[in-house]
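Participant: Based on these hints, arrange chains B and C on the given structure of chain A.
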Amino acid sequence: MRGRTVTGIVAAAGAIGLALSGCGSSTPPSAGPSAPVVDPASAKGASGSLSICGGRDSVGLYKGAVDAFMKANPGISAKYTVLGATTDESRTQAIQRLQAKSSECDMYLTDVTWTPEFASQGWLQDMTKVTDAVKDTLIPSTVATTQYKGKSWATPFYTNAGLIYYAKDKVAKPETWQQLYAEAAKSPDNGLVYQGKQYEGLTVNFLELLYSAGGNVIDDQGNIKIDSPETRKVLDFMAQGIKNGSADRAVLTYEENASRLAYESGKFGYERNWPNVYGQLNATPLKGTFGVAPLPSFDGNSNGSGVLGGWNLAISAYASNPAAAVAFVNFESTPEWQKHVAMDYSQAPAGEAAYSDPGVLDKMPFAKELLISVKGAKPRPVSPVYSQISAAINKNVYAVLSGTSNTEDAVKNMADQIKTAQASF
Amino acid sequence: MTVRSLVTERHGNTRDRAERRLAGFMTAPSLILMALVAAVPIGYAIWLSLNQYSLLQVGLSRFVGLGNYVDALAGPDWWRAFGQTFLFAGTSVALEMVLGTGMAMLLNLTFRGRALLRTVVLVPYAIITVVSAITWQTMFDPTTGFVPQILAALHLPGAGVVWLGEQGYAMAVIVMADVWKTTPFAALIILAGLQSISQETYEAAELDGASRWKTFAHVTLPLLRPAIVLAAIFRTLDALRIFDLPFVLTHGANGTQSMSMLAYTQLNENRLVGQGSALSILTFITVMVVSAVYIRFGGGNIRDIAREDRS
Amino acid sequence: MSTLTAERASTHGAESLGTRKSRRSTTSLHPLVWVFAVVVMGFSLLPFYWLVSTSLKKGASLGQGELFPSQPTLDNYLSVFGNSDFLLAMRNSVIIAVVTTIIALVFAAFAAYALARLKMRRKALILTLILSVTTFPAIAIAAPLFAIWREIGLYDTLVGLIIPKLTFALPLAIYTLTSFFRDIPRELEESAYVDGATPFQAFSRVILPLAIPGLATTAILVFISVWNEFLLAVTLTSSPAARPVPVAIAFFNGMSEFDVPLGRISAASVIVTIPLIILVLICQKRIVAGMTAGAVKG
Numbered sequence: 000m001r002g003r004t005v006t007g008i009v010a011a012a013g014a015i016g017l018a019l020s021g022c023g024s025s026t027p028p029s030a031g032p033s034a035p036v037v038d039p040a041s042a043k044g045a046s047g048s049l050s051i052c053g054g055r056d057s058v059g060l061y062k063g064a065v066d067a068f069m070k071a072n073p074g075i076s077a078k079y080t081v082l083g084a085t086t087d088e089s090r091t092q093a094i095q096r097l098q099a100k101s102s103e104c105d106m107y108l109t110d111v112t113w114t115p116e117f118a119s120q121g122w123l124q125d126m127t128k129v130t131d132a133v134k135d136t137l138i139p140s141t142v143a144t145t146q147y148k149g150k151s152w153a154t155p156f157y158t159n160a161g162l163i164y165y166a167k168d169k170v171a172k173p174e175t176w177q178q179l180y181a182e183a184a185k186s187p188d189n190g191l192v193y194q195g196k197q198y199e200g201l202t203v204n205f206l207e208l209l210y211s212a213g214g215n216v217i218d219d220q221g222n223i224k225i226d227s228p229e230t231r232k233v234l235d236f237m238a239q240g241i242k243n244g245s246a247d248r249a250v251l252t253y254e255e256n257a258s259r260l261a262y263e264s265g266k267f268g269y270e271r272n273w274p275n276v277y278g279q280l281n282a283t284p285l286k287g288t289f290g291v292a293p294l295p296s297f298d299g300n301s302n303g304s305g306v307l308g309g310w311n312l313a314i315s316a317y318a319s320n321p322a323a324a325v326a327f328v329n330f331e332s333t334p335e336w337q338k339h340v341a342m343d344y345s346q347a348p349a350g351e352a353a354y355s356d357p358g359v360l361d362k363m364p365f366a367k368e369l370l371i372s373v374k375g376a377k378p379r380p381v382s383p384v385y386s387q388i389s390a391a392i393n394k395n396v397y398a399v400l401s402g403t404s405n406t407e408d409a410v411k412n413m414a415d416q417i418k419t420a421q422a423s424f
Numbered sequence: 000m001t002v003r004s005l006v007t008e009r010h011g012n013t014r015d016r017a018e019r020r021l022a023g024f025m026t027a028p029s030l031i032l033m034a035l036v037a038a039v040p041i042g043y044a045i046w047l048s049l050n051q052y053s054l055l056q057v058g059l060s061r062f063v064g065l066g067n068y069v070d071a072l073a074g075p076d077w078w079r080a081f082g083q084t085f086l087f088a089g090t091s092v093a094l095e096m097v098l099g100t101g102m103a104m105l106l107n108l109t110f111r112g113r114a115l116l117r118t119v120v121l122v123p124y125a126i127i128t129v130v131s132a133i134t135w136q137t138m139f140d141p142t143t144g145f146v147p148q149i150l151a152a153l154h155l156p157g158a159g160v161v162w163l164g165e166q167g168y169a170m171a172v173i174v175m176a177d178v179w180k181t182t183p184f185a186a187l188i189i190l191a192g193l194q195s196i197s198q199e200t201y202e203a204a205e206l207d208g209a210s211r212w213k214t215f216a217h218v219t220l221p222l223l224r225p226a227i228v229l230a231a232i233f234r235t236l237d238a239l240r241i242f243d244l245p246f247v248l249t250h251g252a253n254g255t256q257s258m259s260m261l262a263y264t265q266l267n268e269n270r271l272v273g274q275g276s277a278l279s280i281l282t283f284i285t286v287m288v289v290s291a292v293y294i295r296f297g298g299g300n301i302r303d304i305a306r307e308d309r310s
Numbered sequence: 000m001s002t003l004t005a006e007r008a009s010t011h012g013a014e015s016l017g018t019r020k021s022r023r024s025t026t027s028l029h030p031l032v033w034v035f036a037v038v039v040m041g042f043s044l045l046p047f048y049w050l051v052s053t054s055l056k057k058g059a060s061l062g063q064g065e066l067f068p069s070q071p072t073l074d075n076y077l078s079v080f081g082n083s084d085f086l087l088a089m090r091n092s093v094i095i096a097v098v099t100t101i102i103a104l105v106f107a108a109f110a111a112y113a114l115a116r117l118k119m120r121r122k123a124l125i126l127t128l129i130l131s132v133t134t135f136p137a138i139a140i141a142a143p144l145f146a147i148w149r150e151i152g153l154y155d156t157l158v159g160l161i162i163p164k165l166t167f168a169l170p171l172a173i174y175t176l177t178s179f180f181r182d183i184p185r186e187l188e189e190s191a192y193v194d195g196a197t198p199f200q201a202f203s204r205v206i207l208p209l210a211i212p213g214l215a216t217t218a219i220l221v222f223i224s225v226w227n228e229f230l231l232a233v234t235l236t237s238s239p240a241a242r243p244v245p246v247a248i249a250f251f252n253g254m255s256e257f258d259v260p261l262g263r264i265s266a267a268s269v270i271v272t273i274p275l276i277i278l279v280l281i282c283q284k285r286i287v288a289g290m291t292a293g294a295v296k297g
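Protein chains in written order, with numbering that gives the first Met the number 0: chain A, 0 to 424; chain B, 0 to 310; chain C, 0 to 297.
There could be a bad hint or two in this list.
[Stated by the list, open to error] The calculated SDA-like cross-link candidates involving lysine to any residue, where the alpha carbons are at most 25 Å apart (straight line), are:
id: 1; chain 1: A; residue 1: LYS418; chain 2: B; residue 2: SER60
id: 2; chain 1: A; residue 1: LYS266; chain 2: C; residue 2: GLY253
id: 3; chain 1: A; residue 1: LYS338; chain 2: C; residue 2: ASN252
id: 4; chain 1: A; residue 1: LYS362; chain 2: C; residue 2: PHE42
id: 5; chain 1: A; residue 1: LYS62; chain 2: C; residue 2: LEU77
id: 6; chain 1: A; residue 1: LYS167; chain 2: A; residue 2: PRO284
id: 7; chain 1: C; residue 1: LYS57; chain 2: A; residue 2: TYR79
id: 8; chain 1: C; residue 1: LYS284; chain 2: B; residue 2: ASP303
id: 9; chain 1: A; residue 1: LYS286; chain 2: C; residue 2: ASN252
id: 10; chain 1: C; residue 1: LYS118; chain 2: B; residue 2: LEU220
id: 11; chain 1: A; residue 1: LYS362; chain 2: A; residue 2: GLY63
id: 12; chain 1: C; residue 1: LYS284; chain 2: B; residue 2: SER195
id: 13; chain 1: A; residue 1: LYS367; chain 2: A; residue 2: ASP343
Since the hints were made in silico from the structure, they are not lab data.
Excised from the complex, chain A in its bound form (with noise of 0.2 Å):
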């Protein structure tokens, strides 16, 4: 008896379960063209709490900006709260929070890939008024991050580009990669690790090479490019790469830290990772001897082209004050503050003057070849569907280098789990 009356609390449980979540598709937030337009004025005279959410505030830049804005703005407390350990735990945090619609972070710190994405599903305030007020002072490159169907969804706080660094003493600066691979490929010392395990990171290093070739993923309208010659050129470019020891197997296991850690060694004569490696090569006995390049180019035909990293600031469709949002955007884009994000964070500001101030070289000593390599960056495919899109690219990559897949094949399964991806409902 009491078995039944159990067995039908878990039913009546599972029934009501089933009502609540058939009640809980209200009514949509605005769609991407009509959502709710960000005046810049607005920032005038703007008080109470900001909240602003992101990820992990590694180098303390996030709580710095906090307390620097908080000064210039007394009227204003503002509070930064981690939402993951990871980019991808961020993801899901902020998504979590905007899909319950939760007013608990007015802000979001976005990840590049992400505005498309945020965009389309009505989480983000449309800000192109308030970015084009601070544009001229900005990098192209990374303003173009923020834009997605003619507007602009987020202002851009940093951004992050791919660099080179080579043993002096062993190898000679990289002008192209075909030079770069023959040079690493003469002795098992010179190798050059790159980031190529199967994840998203292994997406960016084989898209800096894509770019640099000349080839597409996905074009503006959306139509499939990487169905190409430059395609097939890159992969077995990159597949004999690792078959005659120019990369070392082992970047298929590789992801920043783990390539960091393995040029830290000294065993090896190249590393293509991020710009915070410098400061972390420097407090090895490696210091002094090796040199940062820019991203080479592809068979000498263009200049290198690379992939954007970085965040962007995007005030949520359910912020309970974003008058103090925009007033956070309008102080972290002047110039001012940007060069603190490179003198005092190390990280590569989205504003250009900042490159050529003497203070900032004087930390950076790589910015001008930084600001190559960011101002030369495209943006990795812009769609509402990128991780679908990543993963089609990185699991077929991957493939090809490990050996388990040709270049055909491979170029075919990209494209047609891209138009897969396209295609979702």
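Facilitator: Leaving out everything else, chains B and C in the frame of chain A:
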């Protein structure tokens, strides 16, 4: 029907009813808690799996019934993950049962330092799963790990191989890491089972002239059956749902993608909530079926209890 | 329950303890057993040793792959102990794990006794439902739980973590204890009934004391599983005040967004293993304390 049996029946019925009432009260707290906390989220997840939610248009969703399940079962991804997960689980659990029984027998011996050995053996189980995954990753790192160096120095098989970058080898690392971490769990349960076998049982077997091996095979093992089945059920449950190890070590490459990873990718990375929920539920069904098979054919106390309904 | 039965139980207990010579005295151990013991210890400890060794390394030495760090340093441990968020997380984890384990033992012991001993309808169904709670993939319920917890205000609280962790730890506890209770011979309870005890008294005065090894084993398993659980912990907390240790370790800051602070993570993991080791040292005695009276099986 005699008067006596009528009386016994009524007497028995009152006793039975009291027992059932008591049983109800004793199981109620657990069942009510589980119903309150788990029922709504589980019900919601089931509901989600019957729909598709638009990625391109806000708020748009459509009811597809079992459509997500059909799509999943029709494509190669699910079955590949299914096979790879079963390969992992089968190898892992088998090793854990054998090693776990061995460990339990070892820990059952009386010798000085037994307490220390018991504690030492449990240390791997106490380490956080993600940290243990990172540890094994750095152990096998081709440049900075010590295992490749030792293998190369001793010319052992597997030297010069990038373990986490090769088919088969990657699975081997994941199995090793899982066995290392969770054999103590099985050993603990089997040890407690061993403890319940009395000395007299062994003495009787010795008196009958049984050799040590015969005693183990024909006396100890059958008596250990409930403990081994219990350990196997829970280890298999966890092994079939493995996520952290393949995610950290290989991100699913080289033949190591598990069913849980597939569900996670669809659910969290691609935000295909309907499909991801369906994949989660398919995983759930798989695990429940395997558990049922275990209980039915493995025997032990749980099966006995489940069969009581029939009497 | 009359004193006679109690005496009988304890005498038998004492007897079995008395006759409990070493199963195989150490002198007659096969050398292969010693080899096996050494191999087991080595296999268990080597990766843990690597963890400890990593925790003593800093900076560039993390990339050298040495088994014995050439420049061992305690900086990682100092840094971890100086991290107030981490210490807070230790406190949270201890509270959550202790409370959850105690309540789980109580709830599960009751349920297990009913399942193992008492007449009840639909046992198979109940066992299935219980198992399905623990089997259902946590990632599928994380998002709904998040939404519900926010609604009812349990988000980012210790209580809000204890309740679901308890729920998902119960099945393991119930199944384990059910199996253990089943092994206890019925004669003991029956003699208690003969002496006029109610079923509940039989449970609390006869079965429970004899089930201490099972309870100790379950306590260890539940404690460790609750301590190490990550997904619910990260979903249902957002501030250091409620975060338990696995999440706090994941949130350790590196030198950049890509940096994984291996040294500090290892140090924290080693530190965190200590309470668990203490718990096991306490409980492992109970696992082997003399169990049932007389011949149990065979």
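Participant: Give me the numbers of the hints this structure contradicts, sorted from smallest to largest.
Facilitator: When the structure is compared with the hints, numbers 4, 7, 8, 10 turn out to be violated.
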